[in-house]
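J.: Each protein sequence line maps, in turn, to chains A and B.
Each residue of the first sequence is one higher than the one before, starting from 1432 at the first, in our numbering.
Each residue of the second sequence is one higher than the one before, starting from 354 at the first, in our numbering.
Hint data in this document are derived by calculation from the structure and do not stem from the laboratory.
No false leads were mixed into what you were given.
For lysine to any residue, the following SDA-like pairs were computed, each having C-alpha atoms within a straight-line distance of at most 25 Å:
no.	chain 1	residue 1	chain 2	residue 2
1	A	Lys1515	B	Thr394
2	A	Lys1534	B	Gly386
3	A	Lys1534	B	Gln387
4	A	Lys1518	B	Arg396
5	B	Lys366	A	Glu1611
6	B	Lys366	A	Thr1623
7	B	Lys366	A	Leu1581
8	A	Lys1456	B	Pro385
9	A	Lys1456	B	Arg382
10	A	Lys1509	B	Leu388
11	A	Lys1515	B	Arg391
12	A	Lys1515	B	Glu393
13	B	Lys366	A	Phe1629
14	A	Lys1456	B	Gln387
15	B	Lys366	A	Val1621
16	A	Lys1534	B	Arg396
17	B	Lys366	A	Leu1628
18	A	Lys1534	B	Phe381
19	B	Lys366	A	Glu1594
Quick list of the computed label-pair ranges, beta carbon to beta carbon:
no.	chain 1	residue 1	chain 2	residue 2	range
20	B	Arg407	A	Gln1460	35 to 41 Å
21	A	Glu1594	B	Ala395	23 to 29 Å
22	B	Glu397	A	Gly1622	43 to 49 Å
23	A	Pro1561	B	Arg358	17 to 23 Å
24	B	Asp357	A	Pro1457	47 to 53 Å
25	A	Glu1583	B	Lys415	51 to 57 Å
26	B	Gly386	A	Thr1623	36 to 42 Å
27	A	Thr1623	B	Glu397	40 to 46 Å
28	A	Lys1540	B	Leu408	43 to 49 Å
29	B	Ile417	A	Lys1540	53 to 59 Å
30	B	Glu393	A	Ser1609	33 to 39 Å
31	B	Gly386	A	Glu1611	32 to 38 Å
32	A	Gly1468	B	Ile434	50 to 56 Å
Just so you have them, the derived chain A footprint on chain B, three or more residues with Cβ under 8 Å:
no.	region
33	362-370
34	375-388
If you're wondering where the values come from, they're calculated on a predicted model, not measured in any experiment.
For every residue, glycine included, the Cβ atom is placed at its ideal position computed from N, Cα and C.
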Amino acid sequence: MRIGPAAMKTETTVDKDLLSANAAKPDDQELVRSVQGGDLAAYDELVRRYQVRIYATLYHMTSNHEDANDLAQESFIKAFHAIKSFKGESSFFTWLYRIAVNKTINFLKQRKNRIYLSLNDLDLNAENDPDLVAFVSEKNPRRDMSLTELQEKLNAAIQRLSEDHRLVVTLHDIQGLSHEEIGKIMDCNVGTVRSRLFYARQQLQAFLSDYLK
Amino acid sequence: MNRDREEFESLRKLLAWKRWEQPPPAFFRDFPGQLRGRLETAREVESPVSWWQRLVQEWELKPILVGAYSVGIGGLLLAGIGLSEAVGNRPMETQLRDNNLGNLALVLGASTETDLRPFTLSSASSAASTLNPVLPETPPADFLFNGSHLMVQPAAFKVGH
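From just these sequences and the hints, can you work out the full model?
T.: Quick look at the structure:
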């Protein structure tokens, strides 16, 4: 699963370095059982495991750091209060994602037409990304356009999509989840996910046509 | 068709670029702590701790303070007991004088030396007063129910005449 290069790098390093230690770490189910028994420390561990992915999804959905932070906290709090009703029919990760996504879609519906971008800074390593360097130098019609301006254009275009289409693009094209995983999270079949993704990409290509030619 | 594919590829790269957007460096380090704080606050609101429980929790962390409080309260208690015993052993007159009750007796026309003393039947006869409604040991000669001076009129009823 892809998240952010920096986070991904960190997770990969951690996975390699602590491979043996990870084997002894409790899995999600064990941690969930501990939390159901009132163990707050076990919930801390679950939060550490999923905070990066949850935050990233909410950030890409809102294009606003503060909103993403609030929504991520509220999602984790809601999950904590509802964890006694978690029966383990799906993975904890899918269940948590569903809570966060529903909360965010409700928030976005209330926030409609009051979009305020509060973008995170680009990771310093972005300048070393060959794909990005090539894109900026070849595709950008205005070579003097800064990375920040391009970032704003991209986020503004994503915000013009409907909540469902934005979510599909976020989960698939940015975070790298499979169609099946997205179907479980959005509670719809794979065909619906594919068609939404196709339509969302068409929309984005139209919004960003000046930068893609 | 090729152009569409090329544009799609460009879009994919552009979207992948969003992964470089990162929150402030300490964000993920602080996030679990902030969340923990909110969860604990929510717990307290759901099941508020009584003042007594809060006091006990507070004291559990400060044994020296608890010891000092205990010694202080114990000392006060002992001093109180000692004082009450010392006051209880003194004569009534001294107590009354100390408590300014003697002034009250003067206002009522009584002598603090005699009238406010604890009564006995022998002392009551010599110090009869409205403040000391105690009967003397022998009733006075003109006492209402004294047998020798009591005049009794016999009464009889005859039926038919």
